[in-house]
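*Asks:* Take the two lone chains, each set in its own frame, and fit them into one complex as the hints suggest.
This is what each chain is made of:
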Amino acid sequence: MKILVPVKRVIDYNVKPRVKADGTGVDLANVKMSMNPFDEIAVEEALRLREKGAATEVIAVSVGPAKATETLRTALAMGADRAILVQTDDEVEPLAVAKILKAIADAEAPGLVILGKQAIDDDSNQTGQMLAALMGRPQGTFANEVTVEGDSVTVKREIDGGLETVKLSLPAIVTTDLRLNEPRYASLPNIMKAKSKPLDTKSPADYGVDTAPRLKTVKVNEPPVRQAGIKVADVDELVGKLKALGIA
Amino acid sequence: MEQRDDLDEIRRAVRALCEEFPGEYWRAKDRERAYPGEFVDALTRAGFLAALIPEEFGGSGLMLDAAAVIMEEIQAAGCNGASAHAQMYIMNTLLRYGSAEQKARYLPGIASGELRLQAFGVSEPTSGTDTLSLKTRAVRDGDHYVVNGQKIWTSRAEHSDLLLLLARTTPREEVEKRTEGLSIFLVDMREAIGNGLTIKPIRTLMNHSTTEVFFDDLRIPASALVGEEGKGFRYILSGMNAERILIAAECVGDAKWFIEKATGYASDRQVFGRPIGQNQGIQFPIARCYARMRAAELMVHHAAQVYDAGGNPGAEANMAKLLASEASWEAADMCVQTFGGFGFAEEYDVERKFREARLYTVAPISTNLILSYLAEHVLGLPRSY
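Listed in order, the protein sequences are those of chains A and B. Be aware that the first sequence starts at 1, since it is given in this note's numbering, and climbs by one per residue. Be aware that the second sequence starts at 1001, since it is given in this note's numbering, and climbs by one per residue.
Quick caveat, the hints were computed from the structure, so don't treat them as lab data. Yeah, the Cβ is synthetic: ideal placement off N, Cα and C, and Gly gets one too. There may be inaccurate statements among the hints.
Claimed, not checked - According to the in silico footprint, chain A covers these stretches of chain B (three or more CB under 8 Å from chain A): (1) 1010-1016; (2) 1034-1047.
Unchecked claim - Here are the simulated lysine-lysine pairs, DSS-like style, with alpha carbons at most 30 Å apart: (3) A:16 with B:1261; (4) B:1261 with A:32; (5) B:1231 with B:1261; (6) B:1261 with A:20; (7) A:2 with A:16.
Bound conformation, chain B alone (with noise of 0.2 Å):
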């Protein structure tokens, strides 16, 4: 009942401030492409994008459930949490794997928003989920690594102090387990940048900052590496599940603003002299979508429960994603229909927040790709690929 009362509390608190960035705001941003850096600011000043960092680097050492509590009113909010969500979940990689002198050095940083780790390479134009092919090395040179290959995807790496890369140490073939050879390395991208890295900025349907990322014989220090070397998709796997439960969150988030302002609208819109919202054909999609997003709300909530009881969620987070962003994608095309001819026009944001809507059936892991794990891994149904 404490804890129900405390996310409560937060939800006030980042509603209170969500207040401050209307439509208004998001239009502009969207317009330009520009990055919502005012938002990022007045979140990691008011502490949201630290709730998961321990108290003694300076966070707020809050469980996942409250972190995706924060995301999800963020969305529910009409704000767009893409911008930063990413700052609250990637440092777990160096909580849960860092040396000690690593954390020190970057959690309290990263804690107070001075440092921003928000950009995390993995994905490559000739591997997506097949994370095992990636071609990116890194190549131990006395007391540095030298990195070369390419980074697609790469979410905000321009607005981020820090990459955590994901690259080749031995490869494929000299390694005993194919899962074997990856590493983890933290980047300080600002001695990197036009030392060996660029950054190039994708245009795309939504506003999200993403790029590529090229290394050009990148020198990194030796004390990059995080953990141990040749350890790093194990390392990586861990930190999905929590990314996997707070876009969940985010999904279900998007879905409640999809469905009010559906209601809202149908309640208020005139046609034939009644509320459109009176004619069945009206209601149902929106009833229908309600149900679907407290189904997928449900099962956000049970893996947050699962991840914070030390237990693997990685079916539960995976099944969270699956169905909250099926949920709010759902809701964003019921949302469009209701206007009308309306839900195109910009100043009703319905348009921009069913384009942001549409990604996460594909990222940060698609459909598809949850599906075979279910049932590979579940189910025990024959491996597919």
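So here's chain A without its partners, still in its complex pose (with noise of 0.2 Å):
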């Protein structure tokens, strides 16, 4: 069995992200990039599956500019075996990343495709469900656990108050949720292993999918700056001022 696993190339979780002085997006201008954290967990899962054999082959996919390929690299460094990057240097929506996630299905017949739950900059949380409802599969999003036996797949599922059991016929769709695994760092022998590591790079063109965005960002703010507190002396007083804020 296949496993695909998409990868996004993101801005680093760890860089506090500043507005570009237009209000039209985040600047990224010499802003250090990496993994989507939680493409990472999907990585590592793929893997997991892998060494205990429940799949053949892991296949990472990023769609995005020549820079993804940095990012593929790392996947493959983690330990995938080969990579294609959908190369394109403009803004491509969830729906457009899953149609051609489907092509690449279509052509790679994996027995699962698993994906992060969402992507750290857009946070949109959308693409593992259309590629799900696109390729009329089942899906399990927000993995906590995920066991393959035969040709289903049972998934853990992160809800609120607790945990959901499903299970799915393979082929499916997973996307991971934060507490899925911890992923492994890449090892430098495997660094070093992934250079001969084949990386295809392809166009949207290729699969045939229109890119143009559907939707419009009319502005961008930063967060409002906080405000500092108030100390009270007592509950009533404390009480009292949320009744003044309509709080209470």
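*Replies:* What follows is the structure, given as structure tokens:
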């Protein structure tokens, strides 16, 4: 069984993003970029399934600029077998990404597609669900535990107030939540091995997908600066303040 | 270009590993003067300390420029590579001058980390830089050598299985050339401790796990001799260039950490209603440190390239170490000044890194000795000592 793992190059989670002066988006010039953390978890889960013998090949895919090659190299250095870059400098919305992934899945016929539940740059949380709909395949989102048995996969899902267990028939779509696993870091020998692993470069047109945006970003603002609080002497004063603010 | 990409990938991987070891981890180790074993294990497991060991012995067979990038990133991430860097380069002497049997016996274990070779006994209480006057003796006795003497500033000896030892095998007055008569031995300390070998830790300014090592009729097998008897001084000289270049790379990493910290603090810290970094009195020292760091960085890369091309990088390695250690120390001082009082508070990590950075204008070779080298060997001035 093949596992397809889409990975996205995003602003590093340690970086404090700054909004561009004209309010059109986040300033990415000279900013550290990394693999989306949820995608790292997806790569790790795919590698673990391969190591357990449940999968034979892990294919990493990224849709984005030439620099996304770095992200794919990281996936290869973690242990993925090969990679595909669908290169475009345009901003690609979740629906277009899902269409590209469907075309790749049609060609590669993976048993599982494991995606991060969302990317930490736009927090859309849509691609996996859209892909499942486009492919007409079952989905197990926000996975906390993934077990492959025969021709089905059992996914424990993180939902409000607990865990829900679903059993899906393969092929299926899984999206990862934070607690699914702790991703490994690339070892030096694997970084060196990754150099010789295949990395194909394609374009959205190769898959017949139009990536023209359906959405328009109207404005991006910095979050409001947190105002200083006040000290209250006792509970009565606190309740009084809350009442005055209309909160209690 | 391809090489560049490789190095970037290595940088990212080292950073990812170092993120698991944040300031709190190092503060706790520093407070207890404890060895950062978990960090060293993680670096070992990920194969970084075996970067320079050839692939046939289980390493990655990389060039020195890649190893330098590993050490630089460790420091730039706020970690302390001094706890582990020697595992990377001490084996060089074994690799270059050891017998096929010694290499096959030890290198695979060193590559996997099963065997720790990260202690090097050279300095003695009465001979630091004047290595040729060292007094520790190794006297041949049948199939063994009997070692007597004392070493000092032997870092990580308590956390190493093997010790590379430089000892005198021919008395100074009996040698034809003054550089002869010293020999290199690979001592298995696991067998030696309590049988003639004693290690005593020395508490220092920073958390560095350095020690004194005492030899009292320690018997080591004759097979512990590396290369030919009497040629040890020449063997260690070639290894010192790699050590200096790697430590220079660490200093560049430290300078980057100080500059990043200072820049971040100067941008955020508000005094008189505006960020202190808006004042040129704060900006200029940071900018100057940046320029000095970049200059040192270029010299470190250049020295590594000369080394990797098989040339003699003596001058470049020394200059890289001189410039980088001064750049990191200047940046350390600037960072404390930028932070003001907070630079002294443990929780900002600045004071810890400041103490750690102080080492490198002194060790593994002091600035004055580098200047003497340049004056004598590069400029042709008369020998001063």
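*Asks:* For each hint, tell me whether it holds in the structure or not.
*Replies:* Hints, verified against the model:
1. 1010-1016: holds (count 4)
2. 1034-1047: n = 3 at 8 Å, threshold three: holds.
3. A:16 with B:1261: Holds, at roughly 14 Å.
4. B:1261 with A:32: Measuring from Cα to Cα gives roughly 16 Å; hence the hint holds.
5. B:1231 with B:1261: 46 Å, violated
6. B:1261 with A:20: Between residue 1261 of chain B and residue 20 of chain A the Cα gap is close to 23 Å, so the pair holds against 30 Å.
7. A:2 with A:16: 37 Å, violated
Going down the numbered hints, you'll see the structure goes against 5, 7, while the others check out.
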